[in-house]
Amino acid sequence: MEEFVRIVVDDQSKRVRRNISLLQALKDANIVLPSMCYNAKLEPYGSCGLCIIEAYKDGVWRVQHACLLTGQEGMEIRTRSERILKLRARAARLLLKRGPFLKPEAEGFLISLIGQAEKSCESYPDNADLIVYGGKRPNVVNPGCVLCGLCVRICRKIGKNRLVFLGRGKNLRVGLVEGNHLDNCGRCRACRRVCPTGFINNSVIKVFTAKLYK
Amino acid sequence: MNMKEFRPPARHKYQVPASVREEIERKKKPVENPYKLLDFDVQISLRSLVEEGRLSLFPNTSRISVGMGTCGRVAGAQVIARNLSERNWENRARVISVGCLGACYAEPLVDIRTPEGKHYFYGLVDRGSLWQIIKTALGEPPSHNLWAVARERQTGVLRGIHDLELIKLENTSFRDFFHPQVRRISGRCGLVDPQNINEYAAMDGYQALEKALFKLKPRRVIDMVANSGLRGRGGAGFSTGEKWDIVSTNSDPVRFVVANADEGDPGAYMDRALLESDPHGVLEGLIIAAYAVGASRGYIFVRHEYQLAVQTLRQAISSAHRVGFLGRNIMGSSYTLEISIVESAGAFVCGEETSMLQVMENNRGEPRRRPPYPAAQGLHGHPTLINNVETLANIPWIVLNGAEAFRDFGTGKSPGTKIFCLAGDVERMGFIEVPLGISSSILVGEIGGATEESVKALHIGGPSGGIVPYNEFSLDYESVAATGAIMGSGGLVALGHNRCIVDIARHMINFMVKESCGKCLFCRDGLPELEAHLLDLCIGKAEEGILEEIEDLSQAIADSALCGLGQTAVNPVLTTLKDFYADYQAHIKGRCPAVNCKPLIDFEINLTSCRDCRACYLVCPSGAVKMRSGQDRYIVDQQLCTKCWACYETCPFDCIKITSEEFMWRNSYE
Numbered sequence: 001m002e003e004f005v006r007i008v009v010d011d012q013s014k015r016v017r018r019n020i021s022l023l024q025a026l027k028d029a030n031i032v033l034p035s036m037c038y039n040a041k042l043e044p045y046g047s048c049g050l051c052i053i054e055a056y057k058d059g060v061w062r063v064q065h066a067c068l069l070t071g072q073e074g075m076e077i078r079t080r081s082e083r084i085l086k087l088r089a090r091a092a093r094l095l096l097k098r099g100p101f102l103k104p105e106a107e108g109f110l111i112s113l114i115g116q117a118e119k120s121c122e123s124y125p126d127n128a129d130l131i132v133y134g135g136k137r138p139n140v141v142n143p144g145c146v147l148c149g150l151c152v153r154i155c156r157k158i159g160k161n162r163l164v165f166l167g168r169g170k171n172l173r174v175g176l177v178e179g180n181h182l183d184n185c186g187r188c189r190a191c192r193r194v195c196p197t198g199f200i201n202n203s204v205i206k207v208f209t210a211k212l213y214k
Numbered sequence: 001m002n003m004k005e006f007r008p009p010a011r012h013k014y015q016v017p018a019s020v021r022e023e024i025e026r027k028k029k030p031v032e033n034p035y036k037l038l039d040f041d042v043q044i045s046l047r048s049l050v051e052e053g054r055l056s057l058f059p060n061t062s063r064i065s066v067g068m069g070t071c072g073r074v075a076g077a078q079v080i081a082r083n084l085s086e087r088n089w090e091n092r093a094r095v096i097s098v099g100c101l102g103a104c105y106a107e108p109l110v111d112i113r114t115p116e117g118k119h120y121f122y123g124l125v126d127r128g129s130l131w132q133i134i135k136t137a138l139g140e141p142p143s144h145n146l147w148a149v150a151r152e153r154q155t156g157v158l159r160g161i162h163d164l165e166l167i168k169l170e171n172t173s174f175r176d177f178f179h180p181q182v183r184r185i186s187g188r189c190g191l192v193d194p195q196n197i198n199e200y201a202a203m204d205g206y207q208a209l210e211k212a213l214f215k216l217k218p219r220r221v222i223d224m225v226a227n228s229g230l231r232g233r234g235g236a237g238f239s240t241g242e243k244w245d246i247v248s249t250n251s252d253p254v255r256f257v258v259a260n261a262d263e264g265d266p267g268a269y270m271d272r273a274l275l276e277s278d279p280h281g282v283l284e285g286l287i288i289a290a291y292a293v294g295a296s297r298g299y300i301f302v303r304h305e306y307q308l309a310v311q312t313l314r315q316a317i318s319s320a321h322r323v324g325f326l327g328r329n330i331m332g333s334s335y336t337l338e339i340s341i342v343e344s345a346g347a348f349v350c351g352e353e354t355s356m357l358q359v360m361e362n363n364r365g366e367p368r369r370r371p372p373y374p375a376a377q378g379l380h381g382h383p384t385l386i387n388n389v390e391t392l393a394n395i396p397w398i399v400l401n402g403a404e405a406f407r408d409f410g411t412g413k414s415p416g417t418k419i420f421c422l423a424g425d426v427e428r429m430g431f432i433e434v435p436l437g438i439s440s441s442i443l444v445g446e447i448g449g450a451t452e453e454s455v456k457a458l459h460i461g462g463p464s465g466g467i468v469p470y471n472e473f474s475l476d477y478e479s480v481a482a483t484g485a486i487m488g489s490g491g492l493v494a495l496g497h498n499r500c501i502v503d504i505a506r507h508m509i510n511f512m513v514k515e516s517c518g519k520c521l522f523c524r525d526g527l528p529e530l531e532a533h534l535l536d537l538c539i540g541k542a543e544e545g546i547l548e549e550i551e552d553l554s555q556a557i558a559d560s561a562l563c564g565l566g567q568t569a570v571n572p573v574l575t576t577l578k579d580f581y582a583d584y585q586a587h588i589k590g591r592c593p594a595v596n597c598k599p600l601i602d603f604e605i606n607l608t609s610c611r612d613c614r615a616c617y618l619v620c621p622s623g624a625v626k627m628r629s630g631q632d633r634y635i636v637d638q639q640l641c642t643k644c645w646a647c648y649e650t651c652p653f654d655c656i657k658i659t660s661e662e663f664m665w666r667n668s669y670e
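Quick mapping for you: the protein sequence lines, in order, are chains A and B. Under our numbering, the first sequence has 207 at position 207, and the numbering climbs by one with no breaks. Under our numbering, the second sequence has 480 at position 480, and the numbering climbs by one with no breaks.
Be a bit skeptical, because a hint or two may be false.
[Stated by the list, open to error] Below are the PhoX-like pairs computed for lysine-lysine, each with C-alpha atoms no more than 20 angstroms apart in a straight line:
hint: 1; chain 1: B; residue 1: Lys4; chain 2: B; residue 2: Lys28
hint: 2; chain 1: B; residue 1: Lys578; chain 2: B; residue 2: Lys598
hint: 3; chain 1: A; residue 1: Lys170; chain 2: A; residue 2: Lys97
hint: 4; chain 1: A; residue 1: Lys97; chain 2: B; residue 2: Lys514
hint: 5; chain 1: B; residue 1: Lys626; chain 2: B; residue 2: Lys589
hint: 6; chain 1: A; residue 1: Lys170; chain 2: B; residue 2: Lys118
Don't read these hints as lab results, they were simulated from the structure.
Construct the complete structure from the given sequences, taking the supplied hints into account.
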């Protein structure tokens, strides 16, 4: 038996499931929040920062990640306030700076998010380079990877556990642990299937060259 | 009937050498049972430890204690200690390495206790004063290099530095440094031998543990701590008694205690100083905490870089085991506790409590979302009490002296004392213990010895703290939070007028960029962008509107980062934007008010007071100072100048001027 709670979403009362991630619960209630690092079959991680919402607590509206929340009775949240749209656009800009992405739909999705907050951007998504990068691209370790951690989580879930995060901060990257038998990696292509940006496009071994000590 | 095996009699007699015969005889002998040690738990009473400790604390010979904390070692105390201990003293003196007394500016610091109970303090010891030390230790009257002489108020009673009274003062800085302080938990530091449990016991150590185990119920200990109003010294200031209460009322019988000694704040080292100088104080607090909440396992999470602290702590744990203060049936009671050390891998984020637990479970050190708080669901899902080292060091004092006495110092909401680490542009730096609520001017002005004019701002609480203008405000949790900074672990850096605020904010953000775990987007990618904006300001490439962008971005990071590290990482920027807005605006126009940002400053030579000594010309490494004939005899070539300040520091007549002008070209260009 599923348990349901009543919450207030954007001034409308909704009935959502309780014991799952709020992001998924809202999706079931036909309120789709944008996200890049969420997969219903994996545990939520909270990396991309697109699913942020405002939740009312102790007299203030606090910004929270919807994927890390669970529904509570009488909760009040806002998903499309101006502050949230602005923050989401900022997150989208930061994600776009990790580009260019191989999947054009990923880029289009992020640009449309910027467009929701700043109406001027909506009409010309082709000029992403000009809008976002301002002519110069930042120096990132693995261009094209948004470090959503989906590949790491799926690899752990299917029991191979080959992918890990290496480094921290600016140098964070996904690395492949090369065992004795490389053969047992690269066949299932689970990571390739979940990758939201198309960074893992061919062989995992070629994509993640683990440079532990740069 | 016991039948023997039949053997036919020997027909020949062979001669066997005597040595072989002996060996055969020896082998025929049955192996004697070796002496077997019976494993009786012999209870060593605390009183016998105290007596032994008193022998080494108050010996009939002189006792020379050399400060050998990390601060002393880097100042060269090892050479001093070696020179002193290699001397043949003919049983007239003993040389002992102790921890840090707190006066880190005076290291290497040597304290000589003569048999009649006088303490002679020698600061900034070098080879020149070795002979004075030897003469003092041998009982001759001291001549010079002496800093202070103190006497034990009652000879043979020394529980902390408060039992000493000054009788002679040669260097006034010593009194100014120690006089406003209240040394409760760090009083033993620098006087007790950290590797000797007997001395700690002789200084009223482990009395609190005995009292807690045999006279108080766990519930009573928790009530005492709650009544004292002690707040966590790690930074957030959560009530310690409340936290203990949450853990002890949990229905899960498996509970853990963890002492958090993973301090990574630049400029804060109170945990290290406590662990190096007085490890048993922390250990005793941890045992009492574990007893109060009913934990059976304790951990100390120490920073990997603190090798001396780890070494001292291991020694302390093993000696506590040896006398039965740890392990099975502590002090003969029915309580059992094991404590082990976990070394952190050296990341700043691992000091955050949830990521610390992740590291202890052999995972990647990433913070997780709270709630559930570790007090309800911590290590391996069991309730875990996590306390800072300084908090734990307060516990024995509270148990021994009562909750009411604890409130003698401090304010109503934040009672007790707090250790601060004073550094930066002050004359006397070191780790100091003062009552909470003390005025900042006493701290920086009296103890630190800085004048009102020389300090521009205070940086409180490490990289997640804030930079606030140096005004008179009281240092307790609420007042510091009202200024915009946080108390943090208590690092306090005074910034002089020659420090550029924007550059320091950039430096702090740079630190956080390197130390962010990289899990959530805003902390990982937002902070580098913020750092790039601040760098633009420092090199004079910023444009109008950048301040709004910086503020907007900082607010976004503070709002939506996942853990406390990311949310507070932008505090230096937010506080300086509020209080030093003019500095930021000047940087947009190309002027650095503190003449610190290299691309924005110029060096000029004022020839009116020049005496042609050519010092600037000779010292310049890049040949930028040029000699010419005519009116301008010396000029600085701005193309070649590397802004190394060498000419400025060399010039004996103060002819070199550093200027920072607003951009002319930008106005004309626009």
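Lys626 (chain B) paired with Lys589 (chain B) [C-alpha distance capped at 20 angstroms]: violated, 29 angstroms
Check whether the Cα positions of Lys4 (chain B) and Lys28 (chain B) lie no farther apart than 20 angstroms. holds, 17 angstroms
Keeping to a limit of 20 angstroms between CA atoms, is the pair of Lys170 (chain A) and Lys97 (chain A) held or broken? Holds - the C-alpha atoms of Lys97 (chain A) and Lys170 (chain A) are around 13 angstroms apart, at most 20 angstroms.
Do the alpha carbons of Lys97 (chain A) and Lys514 (chain B) lie within 20 angstroms of each other, as the hint requires? Roughly 19 angstroms separates the two Cα atoms, so the pair holds.
20 angstroms limit on alpha-carbon distance, applied to hinted pair Lys170 (chain A) and Lys118 (chain B): Outside the cut-off at roughly 56 angstroms; violated.
Within 20 angstroms, alpha carbon to alpha carbon, are Lys578 (chain B) and Lys598 (chain B)? Violated, because 24 angstroms separates the two Cα atoms, which is more than 20 angstroms.
The structure does not agree with the numbered hints 2, 5 and 6 stated previously, though it agrees with the rest.
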